[in-house]
Structures are given as C-alpha cells and as structure tokens.
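With the hints as constraints, model all of the structure from the sequences given.
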Amino acid sequence: METEIVYNALSNLERPGHIYAKLEESHTLDGDLLFHFPFSKETLRMVFEIKKELRQHQIPQLLERKQQYGNFILVAEKLHPAIKKRLQKEGIAYLEENGSVFINYENNYVFIESKKSIKNKKYSGKKAFTKTGLKLVFSFLIDPELVNARQRIIAEKSGVSLGTVPKVIKTLKEEGYLIAHKNNYLWEDRKALLDRWINDYEQQLKPKLFRARYELREDWKNLKLNKGETHWGGEPAGDLLTGYLRPEEFILYSNESPVNLMKNYSLRPNAEGELFVYEKFWKGDFGPVAPPFLVYADLILKEDKRCRETAQKIFDEYIQPVL
0 METEIVYNAL SNLERPGHIY AKLEESHTLD GDLLFHFPFS KETLRMVFEI
50 KKELRQHQIP QLLERKQQYG NFILVAEKLH PAIKKRLQKE GIAYLEENGS
100 VFINYENNYV FIESKKSIKN KKYSGKKAFT KTGLKLVFSF LIDPELVNAR
150 QRIIAEKSGV SLGTVPKVIK TLKEEGYLIA HKNNYLWEDR KALLDRWIND
200 YEQQLKPKLF RARYELREDW KNLKLNKGET HWGGEPAGDL LTGYLRPEEF
250 ILYSNESPVN LMKNYSLRPN AEGELFVYEK FWKGDFGPVA PPFLVYADLI
300 LKEDKRCRET AQKIFDEYIQ PVL
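Residue numbers (numbering that gives the first Met the number 0): 0 to 322.
Just so you know, these hints were derived from the structure itself, not from any lab. Treat the hints loosely; a few may be bogus.
Claimed, not checked - Cβ-Cβ distance ranges computed for the label pairs, FRET-style:
| no. | residue 1 | residue 2 | range |
| --- | --- | --- | --- |
| 1 | Phe-285 | Leu-62 | 27 to 33 Å |
| 2 | Phe-38 | Glu-248 | 45 to 51 Å |
| 3 | Ser-160 | Asn-103 | 46 to 52 Å |
| 4 | Glu-41 | Glu-187 | 39 to 45 Å |
| 5 | Leu-208 | Phe-110 | 36 to 42 Å |
| 6 | Glu-248 | Ala-179 | 19 to 25 Å |
| 7 | Arg-267 | Arg-189 | 37 to 43 Å |
| 8 | Glu-23 | Pro-320 | 45 to 51 Å |
| 9 | Gln-87 | Glu-316 | 31 to 37 Å |
| 10 | Leu-28 | Glu-248 | 31 to 37 Å |
| 11 | Lys-282 | His-26 | 43 to 49 Å |
Stated by the list, open to error - Simulated crosslink set (PhoX-like; lysine-lysine; CA at most 20 Å straight-line):
| no. | residue 1 | residue 2 |
| --- | --- | --- |
| 12 | Lys-50 | Lys-190 |
| 13 | Lys-156 | Lys-51 |
| 14 | Lys-77 | Lys-130 |
| 15 | Lys-279 | Lys-207 |
| 16 | Lys-83 | Lys-50 |
| 17 | Lys-312 | Lys-301 |
| 18 | Lys-169 | Lys-156 |
| 19 | Lys-301 | Lys-207 |
| 20 | Lys-115 | Lys-77 |
| 21 | Lys-83 | Lys-65 |
| 22 | Lys-304 | Lys-88 |
| 23 | Lys-88 | Lys-77 |
| 24 | Lys-115 | Lys-190 |
Beta carbons are placed, not taken as given, at the ideal position from N, Cα and C, and that holds for glycine.
This is the structure we're talking about:
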C-alpha cells in the first residue's frame, strides 16, 4: 500500500536526523505531515502527495502543486539522483522511503541523503520496456482488449514477434499492471502504465525511431498525408485534436522513403529544420493524426507550458475515458 511508503519514510527519517514527523489525515491531496525539528520549537505542517516513482515529465505538475499549496512535499518510494537534483533546484520538498529528505521552506532547511537501502519491490522484469516491448505495450494502451486475443493475433496487430508477446505479458503481470481473472486479463492502473511507457519511450524507443530533419516549404495544413503511412505527431497533432496550439516544431511519423517524403510533401533536408521525421511503429490507421496516447506523450515531454496544457486537454478528452 502507498501509505506504507509514508510510514517507512517517517520511521527512517527519525533515526539519523532526530526529526519527528507524524501523519494527519486531511482532505488535501494525500494528507498532511507535521514535522518537529530539533533546531526549532515550531511545528511545520506540509501537504503531501505520494508517488511510487517520479518521471521528469511529471515535475511540472509538482511545480503547480508547490505554487498552489506552498508547503507541499512529495513522498516517494525512490527517486533517481537526477530527479532529486531537479527537485532541489526547483525548491520542491521531497521525502524518500529510506529517509532521504529535502525541505527548504520558510526558515526551515533540511537536507539528508540516507544510504539506507530499501528492497526493490517493483520491476522484477524489464521485457515490457525494451524497444520491442514498448511497441507492444503501446498497442495495449490504444487497444486494451487486445491483451485477451490469441497471442498470434496480438503479434500480428502490434508488429512484434510471436516470442515477444508472452514475455511482455509476464512482465506486466509481475509488475501489477495485469491481473489474471478466469480466462482473461484485467488491467490495473493503466495511468501508471502510461506514465512508465512515456518515460521509457523518451529514453529508449523514440531516439531509435528518429530518421531525419527537414524544412517545410509549404503550409503544413495544406499537406495531404498518405493514408496509413504518414501521421502528424507532437504540436501539429495537438493543434488538430484541440485547436489550442499554434505549432512551431513539427513531427511526422512515417513509413515512406526519404525520396517519397521529399516528393510528396515538398520537404527539403535540413539538419536544423523544424520538421522531425520518425519511423511509424504501430499498425493501423488513425487518420492524419497519430494515436492520442502518442500525441499526449510528445507534448507532455516538452517544457513548453502551452504544449503541456494541450497535452492535458488531449488526456481529458481522448485518453481518460478509455483508461
């Protein structure tokens, strides 16, 4: 349970730092933490939110929490060192399950880096999050019922080898995203799976899909994309789905050859061009726009506020109803 993370964190915090803290229930986020520091007679009340993990693309959400509450602290099972540095830079308080803590709020400054090791309780396998595995997980995200099809059909519809299917399903079961129920599988916390997929997509899959950069020589809205072969992603897709974004950087996912791309869409190769072309890695036709899950990922990974707002609109309208 997630509350176990909090209790473990408070227990581990007390030992090295002589910092006493207790949890109080409230109607704000996941509750309140009351901190008593040895260097102060004052009690510091902080609003907390629990996350087992944190990805780079989720930090803007925490900045909004900090702006909204001021006295906000993240409680996490474990944080990557790069994530912790970013949180410190942004002034976002955090507490890890092993007792590591960073607080810089009002007149209170605490920084403890605990060496205590917490047994890893997640991710016993990685098969679902390799380059090939990520392609299959994406197929499951856009078609949740596909997981209950015959494995040969799953392989055909996702474009992966037959041997990949049972390995990925096994990993998803081990990590709690799939639950066996009678003769079928039920999904558990698909939002967490989406967040995990986005992080690993950015780091492992997307760089391998990159093909080239081009310069657009025509208005992008006038281009007639070849059905089932080429699709808008990123900012132009966000604009087509919501009408909320004016694209400055462009993404195409395509299986067309470089020659055909240049001929069909009047593109000019340019290492500094505004158009990024990536390999299309899914099967099926979603019209001129890539699947909303992918467009959401493209936009939420950007630092631009307008892109993140567009991503949220896409999530609310196209993704949340099918999670």
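Verification of the hints:
no., hint, verdict
1, Phe-285 x Leu-62: 27 to 33 Å, "holds (32 Å)"
2, Phe-38 x Glu-248: 45 to 51 Å, "holds (48 Å)"
3, Ser-160 x Asn-103: 46 to 52 Å, "holds (50 Å)"
4, Glu-41 x Glu-187: 39 to 45 Å, "holds (42 Å)"
5, Leu-208 x Phe-110: 36 to 42 Å, "holds (39 Å)"
6, Glu-248 x Ala-179: 19 to 25 Å, "violated (43 Å)"
7, Arg-267 x Arg-189: 37 to 43 Å, "holds (41 Å)"
8, Glu-23 x Pro-320: 45 to 51 Å, "violated (35 Å)"
9, Gln-87 x Glu-316: 31 to 37 Å, "holds (35 Å)"
10, Leu-28 x Glu-248: 31 to 37 Å, "holds (34 Å)"
11, Lys-282 x His-26: 43 to 49 Å, "holds (45 Å)"
12, Lys-50 x Lys-190, "holds (13 Å)"
13, Lys-156 x Lys-51, "violated (32 Å)"
14, Lys-77 x Lys-130, "violated (24 Å)"
15, Lys-279 x Lys-207, "holds (11 Å)"
16, Lys-83 x Lys-50, "holds (14 Å)"
17, Lys-312 x Lys-301, "holds (15 Å)"
18, Lys-169 x Lys-156, "holds (19 Å)"
19, Lys-301 x Lys-207, "holds (18 Å)"
20, Lys-115 x Lys-77, "holds (11 Å)"
21, Lys-83 x Lys-65, "holds (15 Å)"
22, Lys-304 x Lys-88, "holds (19 Å)"
23, Lys-88 x Lys-77, "holds (18 Å)"
24, Lys-115 x Lys-190, "violated (30 Å)"
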